[in-house]
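Quick note on numbering: the sequence shown equals residues 387 to 576 in the numbering used here.
Keep in mind the hints are simulated off the structure, nothing from the lab.
Since we're looking at a predicted model, the values are computed, not measured.
Hints may contain errors.
[Stated by the list, open to error] Below, in silico cross-link-like pairs of lysine-lysine (PhoX-like), each with a Cα-Cα straight-line distance of 20 Å or less:
| id | residue 1 | residue 2 |
| --- | --- | --- |
| 1 | Lys562 | Lys412 |
| 2 | Lys535 | Lys412 |
| 3 | Lys389 | Lys399 |
| 4 | Lys452 | Lys442 |
| 5 | Lys399 | Lys535 |
| 6 | Lys412 | Lys452 |
| 7 | Lys452 | Lys562 |
| 8 | Lys399 | Lys562 |
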Amino acid sequence: MKKVTTVNTCYGKVDAEFLTRLSTIKLLAFDVDGTITDGGIIYDNENLEIKRFNTKDGFGIYALVKEGIECAVITGREANLTSRRMQDLHVQHIIQGEKTKNVALTNLCEKLNISLDEAVCIGDDLNDMPMFRIAGLSVCPHDAHPFIKSQVDYITTCNAGYGAVRELCDLILMSKGILNPDGGFVDERY
């Protein structure tokens, strides 16, 4: 039987092999509804759509962008507020209304000259599976669909919209020696 080696992090024990694989990541691709938001959508009487984004997730994404790691949103829905939030975080790759997320991920990796093995994806539901199957690593929030949880490489300790994406961003930064396992920066950066 193979012994699993773990690393103690601020998110608990994480498989050392998973962290080693994260160290090669050049692209984070993430879903929106149920991943970077809690999955809730509010419509007002004028059919205005409202979503809640967590600033903790935003800081994690911004930190990756600042460190030169490509970030992309690949979502099946279209919303101007998603574009606005991603622009605030300096995310350059905003792919909305995409029903074939695996095709979008493949095309983006080709455009960026990044291997699919160098991509990690985080999503919460069945429509994310095609993307998970081709990416180097797959991750889901703690409250993702049960089938998705049985298929991914890592399940975050945080729920969607409440730090799940931040947790993955932090683990990527830890794997690259930018963050300490306790969650603090190795040096003063921000």
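Status of each hint after checking the structure:
1. Lys562 / Lys412: Between Lys562 and Lys412 the Cα gap is close to 11 Å, so the pair holds against 20 Å.
2. Lys535 / Lys412: violated, 23 Å
3. Lys389 / Lys399: Holds, because 14 Å separates the two Cα atoms, which is no more than 20 Å.
4. Lys452 / Lys442: OK: Lys452 and Lys442 at ~15 Å, within 20 Å.
5. Lys399 / Lys535: holds, 18 Å
6. Lys412 / Lys452: holds, 13 Å
7. Lys452 / Lys562: The given pair, whose Cα atoms are some 14 Å apart, holds under the 20 Å limit.
8. Lys399 / Lys562: holds, 17 Å
Against the hints set out earlier in the document, a violation occurs for number 2 only.
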